[in-house]
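Here's the letter readout for the chains.
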Amino acid sequence: MAGVLSFAIIMNTSRDNLSEVLHGWRVAPPADPNFRHAVWHSIDEQTRVTWPIYLRAHPAAWTMAAVLAVSAAGYTGGALARAHVQADREAIVVTYLVDLDPRVQAVLKP
Amino acid sequence: MRFLGRTLVVLALAAVAAGFLCYRLNSAPALHAAVAKRDAMAWLQVDFHLTDRQLAEIKQAHEAYAPSCEEHCRMIKEATVALDALAATRGSNPAQVAAAERTLQELRTTCETAIAAHVRKVAGLMSPEDGRRYLALVLPKIADFDHQMAPGLDLKKGHH
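Respectively, the protein sequence lines represent chains A and Y.
With my numbering as the guide, the letters of the first sequence map in order to residues 1 to 110.
With my numbering as the guide, the letters of the second sequence map in order to residues 111 to 270.
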């Protein structure tokens, strides 16, 4: 406000007095205790990188990594389950056939 | 750096979730339960999609087959004992040993033929697709039993 008033005074001052007015012009803004914090906050806002921003900076790499990780894990999970099913099936078919096969029973029976 | 670690953790969690989901989707809990109980009939019902009626017919077929199975078992056992006795006798006639071996082998072949006929009958009680799958699983193992004892079978355990 002080600056604006001084500028109005300058504009209304004759050329002869201008240098005198300018010489005596002092800007005295009110002290802002939050000024330093506000400046740093502003700088921090501009430089802050969020997680989405970080991910968007490398979209191809992270997309590929996600697809590979999920696909590999899914395939491994499916393969483990199928192997487990197959192993159990092999075990039970032997149990089943032992009951049917006299050749095995001839050995097993006392 | 903190975002790299966080992203890797999220990726690992997603991978674990995908692996678990695919495991559950490809698993067969009913089959595992039947195996855990060593319940071959439950396995047949689950794995070959048997209706209660089909299962009852298959159980009936097994029961009808059991006496001939017992008879084959007895004959093979007697033939084995006879062969062992001949083989253990010093100066036994090689022709007699060979004849005993032939008898045992004939009995085993007859037995294998009977089992194969029985499982074909059982397969006929299933749906065509399940019957084919059943035969593809069971027939090779029946043939293998003649050359080697049941794979993974603990012969020290009692039976029946």
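Simulated from the structure, these hints should not be mistaken for lab results.
Even glycine gets a Cβ: it sits at the ideal position worked out from N, Cα and C.
Take the hints with a grain of salt, since some may be wrong.
Computed footprint of chain A on chain Y; a stretch qualifies when at least three of its residues, placed anywhere within it, have a C-beta under 8 Å from a C-beta of chain A [said to hold, decoys possible]: (1) 113-123; (2) 137-148; (3) 196-207.
Status of each hint after checking the structure:
With a cut-off of 8 Å between beta carbons, the segment 113-123 of chain Y has 5 residues touching chain A; three or more are needed, and the interface restraint holds. Counting residues of the segment 137-148 of chain Y whose CB lies closer than 8 Å to any CB of chain A gives 7, so the stated coverage by that chain holds, three being the minimum. Only residues whose C-beta sits within less than 8 Å of a C-beta in chain A count toward coverage, and the segment 196-207 of chain Y has 0 of them, not enough to reach three; the restraint is violated.
Of the numbered hints given earlier, the model fails hint 3 alone.
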